[in-house]
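For what it's worth, the working numbering labels the leading residue of the sequence shown as 303, then goes sequentially.
Mixed in with the good hints, there may be bad ones.
Claimed, not checked - Below, simulated DSS-like cross-link-like pairs (lysine-lysine); rule was C-alpha separation at most 30 Å, straight line:
(1) K504 - K379
(2) K637 - K379
(3) K379 - K397
(4) K379 - K329
(5) K480 - K428
(6) K719 - K669
FYI, nobody ran anything at the bench for these hints, they're computed from the structure.
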Amino acid sequence: MKSIFALLLMCFSTLSFAVEQAEEIFKQLAPSLYQIRLIDKASGEKSSIGSGFQISSDGLIATNYHVISGFARHPHKYTIEYLDNKGNKAELTLKSVDVINDLAIVQREVPNEMAFFEIAQQPPTKGEELYSLGNPHDLGMIVVPGTYNGLKNESFNDRIHFTGSVNSGMSGGPVVNKATQVVGINVATSGNQIGFLVPHDKLLALYQQYQESPPTSIEQQMAAQLMQNQEKLITTIMNSDWQLKQLGRGLIPTIDVPFVRCWGESNSDKADAQIMAAVANCDLDENTYISADFFTGSLEMEYRYMESDKIGSTKFYHIFERQLNQVAPGNLAGKDDVTEYQCHHDLVMPQTSNINNKAVFCTRAYKDFPELYDVLYIAISIDHEQYALLSHFTIAGVAQETSLAFLAKFMESVSWK
């Protein structure tokens, strides 16, 4: 049996070897690694920074979409530039984006062919040691060892679970294997040595698509990607198993997919409560970043049951209807991004349900992405005096026909037990 001292020596030896490997990889790849800067034209100062890496000999560089999103949305306000490992700076041109997977391709001018990162053809194996590269907070280029832990289960769009200290300034930097092939792109951190990466095949697909057919408009490219992703998401959800669960005297639907999470709360432990209340909430565990104050691709469903025999029916419903003030759109969006909500009010009783509702269905259009809408539905039961059920959902960035199909299924799934 090995002594504790011997085991400690082995641990230090392994760690030392990993550090040496990381340093060697960094020296080899540093010339093809960049800091990506968004520059505000009016002030001439940096608005944001991230990382990027060269993926072709003619100057194509990969980074995160969110690093250059200001330019993609407001090209007259910003410029994009790089800073290389020797301190050289120059302007970059935006060539293509994948807004769903948070990727972008920019290009620098090169007088001659340059070294570049090779994108892997195969994914890593679970437990494989990887190396994350980037430029966090103007500290200079660094490399961080970590471990591949497979894909995140609770994500509709694939993300790699990476054990390593991915800093926000490393966004857009490459994650490589021991053969220095790119197997992922830094995108987010959850702290405590947990990071998330975009799989390399998403970048490979964007690069190949750009080579075959460069987009004529970044805005049109984004609109098509948003539409396609949301159609895929809602279709997947509608084709999944909708399980009915009891909430008070009501039956509500929950969706059996790993990327939609449900939570519940009640005041059942409060014996002196005038109104018994129970809430169930289900939402998508991700969204799509458009800009710092505009997210889309979200889905939320919420149900609130309230019951009381201690107060009059009129007061009860005044209290219950105040719950409407807590219902809000599922994403951040301003007047420059979306129109005002247009709402339709009605009394509804779905043919396959036994509940009468006072309902409102609202839509607002995206100004820069035609045929995409935010939708909001709220319904309050009106067929019982001392108990009621509120049900609502919001979907961000969905086509009109798809939202109406979801509305019909949602309404028909809520009923009294």
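Practice task
Determine which of the earlier numbered hints do not hold for this structure and return their numbers in increasing order.
Solution key: Violated: hints 4, 6.
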